[in-house]
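Undergrad: The residues making up each chain are set out below.
2 protein chains.
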Amino acid sequence: MGNGDRIVGAIDIGGTKTALGLVGEDGKWLARETFPTPFEAWEGCFSFCCERMEALLARCGIRAEDLEGVGINVPGMYDYVQDRLIRAPYAGWRDIRVREYFRNRLRISRVYADNDVNSCALAECRFGHGRQYGSFFWMTVSTGIGGAVVEGGRLIRGRHNLAGEIGHVKTAYGTEARACACGARGCLEAHASGSAIGKEVRMRCGRNKRFAEAFEGTGFSADAAGCAALARGGNRAAARIYEEAGLYLARGIAAAANLLDPEAVFLGGGVAEALDLMFPSITCHLSDYAVADLAKIPILHTGLGYDAALFGAAALVFEAQAAEP
Amino acid sequence: MGNGDRIVGAIDIGGTKTALGLVGEDGKWLARETFPTPFEAWEGCFSFCCERMEALLARCGIRAEDLEGVGINVPGMYDYVQDRLIRAPYAGWRDIRVREYFRNRLRISRVYADNDVNSCALAECRFGHGRQYGSFFWMTVSTGIGGAVVEGGRLIRGRHNLAGEIGHVKTAYGTEARACACGARGCLEAHASGSAIGKEVRMRCGRNKRFAEAFEGTGFSADAAGCAALARGGNRAAARIYEEAGLYLARGIAAAANLLDPEAVFLGGGVAEALDLMFPSITCHLSDYAVADLAKIPILHTGLGYDAALFGAAALVFEAQAAEP
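As they're listed, the protein sequences go chains A and B.
Position 42 of the first sequence, counting from 1, maps to 42 under the working numbering, and the rest follow consecutively.
Position 293 of the second sequence, counting from 1, maps to 293 under the working numbering, and the rest follow consecutively.
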């Protein structure tokens, strides 16, 4: 570790697993580890993260006070300004002061937290292909769909830290609109997320015996990932499900392009791994829905893969430092 | 005029009339005048604006070089970065270097230009109620519909100076979607602009004799303004046309709210004068289309009225100065 290297601690508390690590500003990891998220209670989870972070620091011979800071991704809805995890989809995870907890436990003043969608966008901005763009729209297309707005190299959070909520932009109205878990209808998430694609797969399996047999014959699971595998194997019905998801993604992306005129759109998350299956459909339909000059916007897959979120936790620290006077 | 007062020249070249004036940074007008836009050729129009500006300066005893700068609203699509009026809806208005022309003619180095929608948003930000908000979405609802994004007191222009293009966000799909002048279908502008409302009025007059007679009887014109007057007089069919426009405005505003999470939405332009007729419909439908925390966003009428655009031309100068290092 050379003189002047700035090292940051990163913690990504995810839906099934938690990752943590120590990373330099050049994006090189000094150490990292992953474990299943301990979800019993938030105190237990946070405390275990601190223990593991301290063990990592000890192993690398770094003192906590020499870190530039620690960044933490939390699941759920987080108020960035007030430091308040409003709610997360786990029992008892409510009204938690995340920064305060980690600041006190790790005895580090510079602790920053945000949701993993905002963090991924910052990661793309600092460590990914996003470095080539001053402004872009980030989309996480996974079980659900989230988004984030980067403008002038800065994250735009909005009044409630909800800017970029593309998952609930309406991409269908009337009878075409499907019910969303949020209670509304026609949300992009209800038409093109991993859970929406899985639902569609199972619905079509019930109606079409040959389609169901294709899953049984190959052993692929009847969900979004299995459907992608089947489509890649040449199954037209499976390919059509992704083409249809591409239509709705085009509608959502067009709204973001028309309203923000960004330089690019980046997609990450599990369903984005099947971007190749949706790309022709997205670009074809974009010209129907986006203003002419905006329909040619580059639609890019993140280069950070599954590391995006952990890089993002680290990027939170660099973002906060850049904003300091 | 006190010492230290900064005076700015403002020119608003509009679709039917052109306004120009001299204004202090406190928003007080020293002088202003209005004349029908001379549209024969752009050189003639620009030259006449310069003559009138010079006459105004002479009348006020101000030398051009003592102005903080001159701001100009141009109609059509303007590339702010390259100083290029790409196209305007008038014959021969193409590829014009606006700043360069006025800079040379008026012999003032600080000349700034933009379209009137961006300018109106800046006016709201500097001279209007927008001063109370760090971020808001501006909408001009007039013959067409345009929008602009203010974030952190700054205008976000996007890559092609097209950010905020809410008029072409899709608010209907399939058979519900009406054809828009842009060639696409379902654009907000095709459902809720002055020309869309006028079209709807005339279509219903053709189908409903009593509705047509209501216009003839009152002498109101069969357009958006006449329909508003009729609705205010208690005509239910006329009121319903505005309620329906409110539904589509809610869809467009919801997309902007979900993607930007701004602190407020401001509406200006002729159709926005009928905001009272649409307000209950907009707020009622917003809860169907916007994320729960965002559906309560304040929807406000601009306080600047028809002066918004001329204030906006002046605001272009203050914006550019604020951005200077």
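No lab work stands behind these hints, which were simulated from the structure alone.
Heads up, some of the hints might be wrong.
Identical copies carry no separate label here, and so any pair may be met within one copy or between two of them.
Stated by the list, open to error - Distance condition first, Cα-Cα at most 25 Å in a straight line; then the derived SDA-like pairs of lysine to any residue:
no., residue 1, residue 2
1, Lys209, Thr16
2, Lys17, Phe279
3, Lys296, Ala172
4, Lys296, Pro89
5, Lys209, Phe48
Undergrad: Tell me, in ascending order, the numbers of any earlier hints that this structure violates.
TA: Structure breaks hints 1, 2, 5.
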